[in-house]
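Undergrad: Assemble the complex: chain C is given as a structure, and chain U must be docked to it using the hints.
Number of protein chains: 2
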Amino acid sequence: MVICAACKKAEAEIRLDYAKRSLCRDCFTLFFERKVRNAVLKYHMFSVKDKVAVAVSGGKDSGALLAVLKRLFPRVEMVAVHLNLGIEGYSDGCEEIAKKIAKAYDIELIVCNLRKAYGFSISDFRKTRFSRKICASCGVVKRYLLNKTALEVDATKLATGHNLDDFVGVLFNHYVHGDVEQLKRLLPVNVSHNPKMVTRIKPLCEMTEKETRYYADCMGLPYKSHACPFVHQRRLEKRQRLLDKLSEVMPNFRHVFFKSHVKRLQPALQVEEEAVSVRECTRCGMPTSGEVCSFCKIVSTLTKRKRLEKF
Amino acid sequence: MVICAACKKAEAEIRLDYAKRSLCRDCFTLFFERKVRNAVLKYHMFSVKDKVAVAVSGGKDSGALLAVLKRLFPRVEMVAVHLNLGIEGYSDGCEEIAKKIAKAYDIELIVCNLRKAYGFSISDFRKTRFSRKICASCGVVKRYLLNKTALEVDATKLATGHNLDDFVGVLFNHYVHGDVEQLKRLLPVNVSHNPKMVTRIKPLCEMTEKETRYYADCMGLPYKSHACPFVHQRRLEKRQRLLDKLSEVMPNFRHVFFKSHVKRLQPALQVEEEAVSVRECTRCGMPTSGEVCSFCKIVSTLTKRKRLEKF
Chain C
1 MVICAACKKA EAEIRLDYAK RSLCRDCFTL FFERKVRNAV LKYHMFSVKD
51 KVAVAVSGGK DSGALLAVLK RLFPRVEMVA VHLNLGIEGY SDGCEEIAKK
101 IAKAYDIELI VCNLRKAYGF SISDFRKTRF SRKICASCGV VKRYLLNKTA
151 LEVDATKLAT GHNLDDFVGV LFNHYVHGDV EQLKRLLPVN VSHNPKMVTR
201 IKPLCEMTEK ETRYYADCMG LPYKSHACPF VHQRRLEKRQ RLLDKLSEVM
251 PNFRHVFFKS HVKRLQPALQ VEEEAVSVRE CTRCGMPTSG EVCSFCKIVS
301 TLTKRKRLEK F
Chain U
1 MVICAACKKA EAEIRLDYAK RSLCRDCFTL FFERKVRNAV LKYHMFSVKD
51 KVAVAVSGGK DSGALLAVLK RLFPRVEMVA VHLNLGIEGY SDGCEEIAKK
101 IAKAYDIELI VCNLRKAYGF SISDFRKTRF SRKICASCGV VKRYLLNKTA
151 LEVDATKLAT GHNLDDFVGV LFNHYVHGDV EQLKRLLPVN VSHNPKMVTR
201 IKPLCEMTEK ETRYYADCMG LPYKSHACPF VHQRRLEKRQ RLLDKLSEVM
251 PNFRHVFFKS HVKRLQPALQ VEEEAVSVRE CTRCGMPTSG EVCSFCKIVS
301 TLTKRKRLEK F
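Going down the list, the sequences are from chains C and U. Residues in the first sequence are numbered from 1 upward in steps of one, following the working numbering. Residues in the second sequence are numbered from 1 upward in steps of one, following the working numbering.
Pulled out of the complex, with its shape left as it was, chain C reads as follows (with noise of 0.2 Å):
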């Protein structure tokens, strides 16, 4: 039996190889807490003015997320965002699991059907020309819509379930690949300064994943067990098992990784300003760098197919 090396009483259930610890329940759930909690004052992401929206899918991450959130800023304002993506099978089981998670911790709800308000789903890609980047495509949807609901709401942040495993996954791909614009770009918290982009906050992004689904367990949260269909997650997984891997070796390699990149290689990366003139789409009037947002470029694919098939 290990003892758990906080309390030195009860038996430990978490091992935390990078800090070479192992703690019990409790314990461990005083830890997370305060991490989360130096990392939401560490970067700002909000204060007792904000509105915060915290986007809730269903999944581990972004429950644990709410949890912590609340548990730690009862007196901040909060709402939670849910977006229906209208997956068979699968998403309404997510709103059924986003639904309990806000009522559990007494946070109103709101719900963005695709299908209901733009009258399509994630779905109905399959028949365009993204259907092999179907999951790029709901990452462009889903940003889009999160930030459009949260400024409905007059949140002021809007926060996401990152976590430090998939925060140093696109790192590590964007430093292989030199990418500086995305880099430079890459930080816990993204401030906006256009009034129709609310800043992104991810209070998640230290701790790793194993910490947040354990969290979840810890607060009995519900979450979706199975991935979404459409992920083909090799992937994203095969890199995660080799960020495994580097860990086996250097157990503290995520969080070494993500400090450097936050506290020296962002601040010394200088990307070509080139003075984008943020407009707005011509067609839905949100913030782009050209003339119709991406958005709006993808759906209207969506749109070309219908009108076609009326013919």
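None of these hints come from the bench; they were simulated from the model. Quantities reported herein were computed from a predicted structural model and do not represent experimental measurements. Errors might be hidden in some of the hints.
Copies of the same chain look alike in the list, so a pair counts if it fits in one copy or across any two.
[Said to hold, decoys possible] As a list, the in silico BS3-like pairs of lysine-lysine whose alpha-carbon atoms are at most 30 Å apart: (1) Lys20 - Lys133; (2) Lys184 - Lys99; (3) Lys184 - Lys263; (4) Lys245 - Lys210; (5) Lys263 - Lys133; (6) Lys20 - Lys259; (7) Lys42 - Lys184; (8) Lys99 - Lys210; (9) Lys245 - Lys263; (10) Lys8 - Lys224; (11) Lys9 - Lys210; (12) Lys245 - Lys259; (13) Lys259 - Lys100; (14) Lys238 - Lys210; (15) Lys51 - Lys100; (16) Lys133 - Lys245; (17) Lys142 - Lys103; (18) Lys259 - Lys184; (19) Lys238 - Lys259.
TA: Just chain U, lined up with the frame of chain C:
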């Protein structure tokens, strides 16, 4: 039997996973030499006006370097430089190999014998506070003496045998630890603006270790088969095996990361130049950022010890 992808005739002998092709011995030699020539030209490493000092250690990389440079650029003035580090049961063998290769390629060899010229050997660091950092001390000594020797023979460029695996290993480490200062300087060519520093070049920086070893074998070059007795290669080796794992999933990982660094990341990295006034070492007169250069500093620990031993 796999047929060579280039000549479509001979049996392929080497598989290049990153290029998805297998080549026969002759076609590989041409391929290797073409790639090295391209690197030399692309990074403006040297011209016929230069005198190139080639550091030859007795290992496969520096042997391959001397061979390929002499074969590709017979009209460029070259001199081989070897440091005899005075490591028992190791260094004399290395010197023999360096002599053989220089003779085979008809290149003058300058040998700097540490014990004879400076009265100490790398082994002596065992008794100093650098005993656990003996490889780092050896690095300081080699960088210093290679530069000094190159200056003494009026060389305008100093070529070392660092291959792609070496380069990316260091690169990876510096990115993970966010060492912006080092990353800024890590390039195939380090141009010197100081008359006491020779511009350093790495003509094999785009060739993998496997390719370099195979080229050395194709050329029938002798090279030391066992590692230096002081090399506790575990850390370096472990890192390379990890990068090998990455390469299993993404065979061109090292090539892509190298290119990303040289083409996009390094140019975007801005180091706060503190206008480091390059001074001259008060003991030896060579360039240093402090009062005494690293070489003189570590060597002084040896002489101090000797003085103490006299009492």
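Undergrad: Taking 30 Å as the upper bound on the Cα-Cα distance, should Lys184 and Lys99 be classified as within, between, both, or neither?
TA: neither (36 Å within a copy, 50 Å between copies)
Undergrad: At 30 Å max between alpha carbons, let me know whether Lys8 reaches Lys224 within a copy, between copies, both or neither.
TA: neither (34 Å within a copy, 54 Å between copies)
Undergrad: With identical chains, the pair Lys184 and Lys263 could be close in the same copy or across copies; at 30 Å between alpha carbons, which is it: within, between, both, or neither?
TA: Classified as both; 12 Å inside a copy, 16 Å across copies.
Undergrad: Quick one: Lys51 to Lys100, C-alpha cut-off 30 Å, is that within a copy, between copies, both, or neither?
TA: For Lys51 and Lys100, the Cα distance is within 30 Å only inside one copy (21 Å; across copies 75 Å).
Undergrad: Could you figure out if Lys245 and Lys210 sit no more than 30 Å apart (CA to CA) within one copy, between two copies, both or neither?
TA: Close inside one copy (15 Å) and across copies (23 Å); limit 30 Å.
Undergrad: Is the C-alpha distance from Lys238 to Lys210 at most 30 Å within one copy, between copies, in both cases, or in neither?
TA: Intra 17 Å, inter 25 Å, cutoff 30 Å: intra and inter.
Undergrad: How would you classify Lys142 and Lys103 at a CA-CA limit of 30 Å: within, between, both, or neither?
TA: within (23 Å within a copy, 67 Å between copies)
Undergrad: Tell me, please, which holds for Lys9 and Lys210 at an alpha-carbon limit of 30 Å: within, between, both or neither?
TA: So Lys9 and Lys210 pass the 30 Å test inside one copy only (23 Å; across, 54 Å).
Undergrad: Using 30 Å as the alpha carbon limit, work out where Lys133 and Lys245 are close: within a copy, between copies, both or neither.
TA: This pair counts as both: shortest intra-copy Cα distance 28 Å, inter-copy 27 Å.
Undergrad: With identical chains, the pair Lys99 and Lys210 could be close in the same copy or across copies; at 30 Å between alpha carbons, which is it: within, between, both, or neither?
TA: within (24 Å within a copy, 57 Å between copies)
Undergrad: Is it within a copy, between copies, both, or neither that the alpha carbon of Lys238 lies no farther than 30 Å from that of Lys259?
TA: both (23 Å within a copy, 22 Å between copies)
Undergrad: Quick one: Lys259 to Lys184, C-alpha cut-off 30 Å, is that within a copy, between copies, both, or neither?
TA: For Lys259 and Lys184, both the intra-copy (14 Å) and inter-copy (19 Å) Cα distances are at most 30 Å.
Checked against the numbered hints listed earlier, the structure breaks hints 2, 10 and 13; every other hint is satisfied.
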